[in-house]
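Student: Read off the chains here:
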Amino acid sequence: MADEVVLLDLWASMFGMRVRIALAEKGIKYEYKEEDLKNKSPLLLQMNPIHKKIPVLIHNGKPVCESLIIVQYIDEVWKDKSPLLPSHPYQRAQARFWADFVDKKVYDVSRKLWTTKGEEKEAAKKEFFETYKILEGELGDKPYFGGETFGYVDLAFVTFYSWFYVVETFGEFSIEAECPKIIAWAKRCLQKETVAKTLPDQKKVYEFIRQMRGE
Amino acid sequence: MRPWIALNIKSVNYEFLEETFGSKSQLLLQSNPVHKKIPVLIHVDKPIPESLIIVQYIDELWSSSPSILASDPYDHAIERFWAAYTDEKWFPALRGLRVAQEDEERKALKGPVIEGIVLLEEAFGKCSKGKAFFGGDQIGLIDIAFGCCLGWLKVTEKLSRVKLLDEEKTPGLVKWAERFCADGAVKGVMPETEKLVEFSKVLLAKLSGAPTKK
Chain A
1 MADEVVLLDL
11 WASMFGMRVR
21 IALAEKGIKY
31 EYKEEDLKNK
41 SPLLLQMNPI
51 HKKIPVLIHN
61 GKPVCESLII
71 VQYIDEVWKD
81 KSPLLPSHPY
91 QRAQARFWAD
101 FVDKKVYDVS
111 RKLWTTKGEE
121 KEAAKKEFFE
131 TYKILEGELG
141 DKPYFGGETF
151 GYVDLAFVTF
161 YSWFYVVETF
171 GEFSIEAECP
181 KIIAWAKRCL
191 QKETVAKTLP
201 DQKKVYEFIR
211 QMRGE
Chain B
1 MRPWIALNIK
11 SVNYEFLEET
21 FGSKSQLLLQ
31 SNPVHKKIPV
41 LIHVDKPIPE
51 SLIIVQYIDE
61 LWSSSPSILA
71 SDPYDHAIER
81 FWAAYTDEKW
91 FPALRGLRVA
101 QEDEERKALK
111 GPVIEGIVLL
121 EEAFGKCSKG
131 KAFFGGDQIG
141 LIDIAFGCCL
151 GWLKVTEKLS
161 RVKLLDEEKT
171 PGLVKWAERF
181 CADGAVKGVM
191 PETEKLVEFS
201 KVLLAKLSGA
211 PTKK
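Protein sequences appear in the order of chains A and B.
Okay, so the first sequence: first residue is 1 according to my numbering, each after it adds one.
Okay, so the second sequence: first residue is 1 according to my numbering, each after it adds one.
Bound conformation, chain B alone (with noise of 0.2 angstroms):
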């Protein structure tokens, strides 16, 4: 999702090709041969793999405004860090809670990832300086990276039956979460909370190798 939101921005013209869960195209493993995974840009032949890396290509070549990276360097260094962390630590530890089956699991899961929401609920407030985004007026890198992990958040409090975004806790992070999903450039790139119930059900099942429920 999150090259598609940063090529909105820049409105760029590109040809979107969906790939099939649990089986991958000649393209892609041509394309991204040492991972094998989405998403991939391709750009005049040549392939960009990794969500971030693709994101700061767009917009260091398509330079014109509006800028989703800072301009500050130190800016732009806080920028690389929250995105880093929602990657490396955060969304793991959501994911971990999202499959765990049995409550006790799932109370020792929780921690992490509400401590995670915190710090970034703390972030948020530094980084946008009262303004709507993490990335201040338009959306930036955070906002994309963080953003982008909505739609699991969403399945997570209904799957695992938790409430991660607070009103009480983290009331900067509802409000940015609302004014996010309904940006023009997020808006019909999100896919729908049910959607990706039912696609995490696959998953799920998947991993344990029981068949799908209808």
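Only chain A is shown next, with the shape it has when bound in the complex (with noise of 0.2 angstroms):
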């Protein structure tokens, strides 16, 4: 019996583009359904009640939430092809602990940069470099965070490359300047063709934040 598989996500979305990559880089055949935030559909709510948030991955029926949590169901059913976690549990308990760093960490740090102003802004700007820069740390000299080849942290951080222009802008710095290692690492996983079809265009992205902020 063929497998049925729905996504509930919104284009901007960078937790549901992580799950986006992972469906991608497993060859998973998938419908698409596109949430419009300010009138949730009934489907959401009923497979997400909880939360009610976005992403949400319907298999077969059942219901899949959180990102982090899609993409790991993601890798242990389909895991014949790309493995997404490295094998030995350390490994994976690496790759747990910094995918989570980048959840707890990287989203509420670049939220600030457009939501607040004068001392918090700055704020809120020491704390995306303290931030960017324990990351640049721990990718050191890799060509990526999984190692020689892209994998979970990758997933999980290189969502946010579509929104540097967002961060950029309202922030007014450039992430380039402090963070070298970060920029290159995120144009190397760009030319993953999984990656590139996913990530939306970053003007796109800071249109729909002005939009959202009603400007």
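It is possible that part of the hints are untrue.
[As the list claims (entries may be wrong)] In the EDC-like style, the derived pairs of lysine to aspartate or glutamate whose C-alpha atoms are separated by at most 16 angstroms in a straight line are:
# : chain 1 : residue 1 : chain 2 : residue 2
1 : A       : 79        : B       : 87
2 : A       : 112       : A       : 127
3 : A       : 104       : B       : 87
4 : A       : 126       : A       : 168
5 : A       : 53        : B       : 88
Please keep in mind that the hints were generated in silico from the structure rather than gathered at the bench.
Starting from the two chains in their separate frames, assemble the complex, guided by the hints.
Tutor: In structure tokens, the structure reads:
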């Protein structure tokens, strides 16, 4: 029986993009349903009643929520192609730690740059660069966070690249000036077809945020 | 507590190093330079921080039974969802209620904590499928994730004068809590409520800058 895979998502969501890259890496065919977050569909509310958020993967009628949980699920179900997590338990623990770090820190610190002003914004800028320097340190001289090949942590973080123009414009800084290795790494990831085809244009994302702010 | 229970379940020998509250050791700062928090598991000189990541590591490395995580990927995803919900939504709400000083504040903060427990009661019904634990016959990831909050739940019930686990509203969880605390892997790990109440008062005093009462 063929698998039925549906993804409830928003094109600009860096969390949804993670799932799209994972599905593309595994060559999985799926139905994409765009959600309007101001008017959430009954399907979304039924499939994710607790958080009411995208992305939600619906596999043969059963929902999986939270982007990193979905990515791990995809990796476990379609385990014969393009593994996303490493195989050794220690490396897996490291990968989970860094993806969790991206989740806990990167979104919040980025968001503060377009939602705060004055002193709060200056503090957010400082925190942003502290966070990115930690990630740059972890990347080191490796081509990818996963080592020689693109992996789970790369997937968790690279989707934020599509928001870099938003962050740089509102933050009034250049990420490349402070964290050149991060930019070099992101461009390396973009050479992968699955990443290049998934990540939207940075300027489109910027227009989206401006619309959301009513500008 | 979570890695402790996982190591007990797998019958792994370990050395327990107690950190002093208020003063972090060099070993801790070296092993977890990013968050500087406990717990940290150090296995053959390699550090692993974050309790749920440690539990998954223990389960994957010592893969002989009993298994902690479900083998089916969908059940696995559900376990991770509820463990994350406990950590990211419910436990911070519980903490907020516990540190609230005024009755009005407590009234407002009580709602989300109780709603969360009712959701966990429903999850228990679905995941346990009539068996003893969220994990079925054996303790699983959600049992460990939520079970380790029971000590603080009891402290909050005492300090905030609210009933959180209730025979009427959450009968499944009431019985589950007794079974969890009585399990061989958990007994001896779970601190006594009175000790936690005292520790909570020390924490609150530190937060408010007041001298500790004896």
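Student: Which of the listed hints are not met by the structure?
Tutor: Per hint list: single violation, 1.
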